[in-house]
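Peer 1: Model the full assembly from the supplied sequences, consistent with the hints where possible.
Chains as they are written, first to last, in this note's numbering: chain A, 7 to 337; chain B, 531 to 647; chain C, 199 to 343.
Please keep in mind that the hints were generated in silico from the structure rather than gathered at the bench.
Mixed in with the good hints, there may be bad ones.
EDC-like, lysine to aspartate or glutamate: derived pairs with alpha carbons at most 16 Å apart [stated by the list, open to error]:
| no. | chain 1 | residue 1 | chain 2 | residue 2 |
| --- | --- | --- | --- | --- |
| 1 | C | Lys208 | A | Asp275 |
| 2 | C | Lys200 | A | Asp262 |
| 3 | A | Lys202 | C | Glu204 |
| 4 | C | Lys203 | A | Asp203 |
| 5 | B | Lys555 | A | Asp203 |
| 6 | C | Lys306 | A | Asp302 |
| 7 | A | Lys260 | A | Asp231 |
| 8 | B | Lys623 | C | Asp253 |
| 9 | A | Lys297 | A | Asp262 |
| 10 | C | Lys200 | A | Asp253 |
| 11 | C | Lys200 | A | Asp217 |
| 12 | C | Lys221 | B | Asp552 |
| 13 | A | Lys248 | C | Asp211 |
| 14 | B | Lys645 | A | Glu54 |
| 15 | A | Lys74 | A | Asp44 |
| 16 | A | Lys248 | C | Glu212 |
| 17 | A | Lys202 | A | Asp44 |
| 18 | A | Lys32 | A | Asp225 |
| 19 | B | Lys645 | A | Glu150 |
| 20 | B | Lys645 | A | Asp55 |
| 21 | A | Lys189 | A | Asp225 |
| 22 | C | Lys203 | A | Asp198 |
| 23 | C | Lys200 | A | Asp198 |
| 24 | C | Lys216 | A | Asp203 |
| 25 | C | Lys219 | B | Asp552 |
| 26 | A | Lys8 | A | Asp198 |
| 27 | C | Lys218 | A | Asp275 |
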Amino acid sequence: MKKIGKQTFVIKGDVVIRDTYTIAGKKEGEGPLKDNFDMIVDDSLWGEDSWEKCELKFQQTAVENLMKKNKIDKNNIDLLIAGDLLNQIVSSSFAARALGMPFVGVYGACSTMALSMGLGALLIDGGFAENVICVTSSHFCSAERQYRLPLEMGGQRHMSAQWTVTGSGAVWLSNSGSGPKIKNVTFGKIIDLGVKDANNMGAAMAPAAYDTLKQHLLDTKKEYDLMTSGDLGTVGKNIVNKMFNEDKMSIEDKYDDCGTIIFDIEKQDVHAGGSGCGCSAVVFGSFLYKKLLNGDIDNLLFMSTGALHSPTVSLQGESIPGIAHCIGIER
Amino acid sequence: MNYLMSFIIGGILCAIGQIFIDTFKKNNAYLLVMYVVSGVFLGFIGVYDKIVEIGYSGATVPLLGFGNTLAKGAIEQAAEKGFMGALSGGVMKTAPGVAAALIFGYLAAVIFNPKSK
Amino acid sequence: MKYTKENYQKVVDEFTPKNKKLKNFVLAYIFGGGICLLGEIIKNIYVSVLNVPSDEASVMSSVTLVALSALLTGLGVYDDLGKYGGAGTVVPITGFANSVVSPALEYKREGYILGTAANIFKLAGPVLLFGYFASFIAGILSLIF
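Peer 2: Put into structure tokens, the structure is as follows:
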């Protein structure tokens, strides 16, 4: 069996991350990563007549441009694995409608990027596919109206609230070629410690992030140059650090969170940081992937974190179940 | 003097709402419901009219004033028409504000598009 | 996992930034008081310029504030004011109007009937329901006593 420890799958063959393509919104394009994105879209509608249609355009364009950039024909892509935050993952399905390749839609809330890349890696290593594209997206306006209140409603955001990233990141995985390789995949358990405050997602997801991260480190016994979680924000990141410190295995100097990397927390008025499917996708596809290519880091543990709740069950009094998936990458 | 008292009383009533939001972290809808119902209660026991005498618009503009108007309408009409008055009095007296919100709201939706954030 | 639902909340509270209560209080006071002051100014204009009786002028002033709030919401300004004003922009009648106009605008793309019209009372509906219900009770009680 290609599994070690409790939860980690080992990739024996080559699963190469050949290339990435990222598109970011205006606010993200004004942040610290602005020079890393392939494309920045200033108009929050991008010429479409609704935010939902704009989001699917983000996702569709990310995949199209990834293929164009690398001159790949869609007939050579065995599978498109995609997901997003909207109900019935419409952004992904409707983008796939236009792309015309075999499509698997996955939902892991904000954990979808690592989830889709992990699944893609397993399929390639299993010999079922040679080329897989993984893509996720999120859009501040479409997410806000689905999960919270109308955008024009006056009111204050809580200090622990996070800002949904507008953006999409696509990744091309292949069994050949050169580039950083996926070495192992850990799918996490759902952990729910009873946080009900939808304005404090970082705290709701932090225990799941800690659990998956720790299990991965125990299973693989590896050391990483950099470990990143998806969108815990400042609150969740501090909690994860606290939990590892209590275990006497401090990770503080090697650990960061995509939600705190993508924005300038002080200046951009995002409160606790970025969130959403697009957050870990664009940070990985731009900043982290370049770090691997440049040799700034030799290996990376990339984790995405998700809050698997819905407004309906939240109103019914349910707490927020957290999940985290991670993949180990070596250059 | 009216202006000063409007500002002072209106400010107090709003700031109390802010304490509620920061303490209980509830959605704005809870705050609005609480204010309207409190306004009806204060109107019913006759306290709110005294606040209006001191605070002018500072007391009528916050949603408590809306509740007070509801209560006064229901009580006045009930005295005149009994049960049917109690049923319709509040609605009648507050109809201008509600109709304005509906009609101007619809017009705004027709004219404007939601802005990007 | 050594944390449980019982002891985790303490950790959450420790790391969750607190809302700036004093600053919010002052801002809510200024914005709320300011809107009420504006209402009083508009009312006085109706009284002195148009010679409207005080009671009617009060209603007209409220309606004017509602229209103003609808305009500012449509222009996308009211939510920016709300970011600073907090309850100061929620509690006045302008906040009620904002809670009617914002979903009306937001659901426009789903059509005027099932989008705008069906959702226009999404947030204000509870206010009207409980307001009307309470006034009905008040009316009935006034009949009994």
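Peer 1: Work down the list of hints and note, for each, if the structure agrees.
Peer 2: The hints, checked one at a time:
Taking the CA atoms of Lys208/C and Asp275/A, the gap is near 26 Å; set against the 16 Å cutoff, the hint is violated. Restraint check for Lys200/C and Asp262/A: not satisfied, since their Cα atoms lie roughly 23 Å apart, outside the 16 Å limit. Taking the CA atoms of Lys202/A and Glu204/C, the gap is near 13 Å; set against the 16 Å cutoff, the hint holds. Between Lys203/C and Asp203/A the CA atoms are separated by roughly 14 Å; this keeps the pair inside 16 Å, and the hint holds.
Taking the CA atoms of Lys555/B and Asp203/A, the gap is about 9 Å. The hint holds against a cut of 16 Å. In summary, the hint linking Lys306/C to Asp302/A is not supported, as the alpha carbons are separated by about 48 Å, beyond the 16 Å threshold. Note on Lys260/A and Asp231/A: the hinted pairing holds, with a Cα-Cα distance of about 6 Å set against a maximum of 16 Å. In summary, the hint linking Lys623/B to Asp253/C is supported, as the alpha carbons are separated by about 12 Å, within the 16 Å threshold.
Simply put, Lys297/A and Asp262/A have alpha-carbon atoms about 14 Å apart, close enough for the 16 Å limit, and the pair holds. Pair hint Lys200/C plus Asp253/A holds up; C-alpha atoms about 10 Å apart against a cutoff of 16 Å. This hinted pair checks out: Lys200/C and Asp217/A have alpha carbons roughly 10 Å apart, not beyond 16 Å. For the proposed pair Lys221/C and Asp552/B, the alpha carbon gap of about 11 Å is at most 16 Å, so the pair holds.
Under the criterion of a C-alpha separation no larger than 16 Å, the hint pairing Lys248/A with Asp211/C is consistent with the structure, at around 13 Å. Taking the CA atoms of Lys645/B and Glu54/A, the gap is near 13 Å; set against the 16 Å cutoff, the hint holds. With a C-alpha separation of about 13 Å, the suggested pairing of Lys74/A with Asp44/A holds against the 16 Å cut-off. With a CA separation close to 11 Å, the supplied pair Lys248/A and Glu212/C stays within the 16 Å bound.
For the hint linking Lys202/A to Asp44/A, the alpha-carbon distance of about 37 Å lies beyond 16 Å, and the restraint is violated. Using a Cα cut-off of 16 Å, the hinted pair Lys32/A and Asp225/A is violated, with the two alpha carbons roughly 40 Å apart. The straight-line distance between the Cα atoms of Lys645/B and Glu150/A is roughly 13 Å, inside the 16 Å bound, and the hint therefore holds. Proximity of Lys645/B to Asp55/A is assessed by CA-CA distance (about 12 Å); at most 16 Å being required, the pair is judged to hold.
For the hint linking Lys189/A to Asp225/A, the alpha-carbon distance of about 13 Å falls within 16 Å, and the restraint holds. Taking the CA atoms of Lys203/C and Asp198/A, the gap is about 8 Å. The hint holds against a cut of 16 Å. Our distance criterion of 16 Å between C-alpha atoms is met by Lys200/C and Asp198/A, whose separation comes to about 13 Å. For the given pair, Lys216/C sits about 14 Å from Asp203/A by alpha-carbon distance, which is consistent with the 16 Å threshold.
A distance of roughly 7 Å separates the Cα atoms of Lys219/C and Asp552/B; the hinted pair therefore holds under the 16 Å criterion. The straight-line distance between the Cα atoms of Lys8/A and Asp198/A is roughly 29 Å, outside the 16 Å bound, and the hint therefore fails. Pair hint Lys218/C plus Asp275/A holds up; C-alpha atoms about 14 Å apart against a cutoff of 16 Å.
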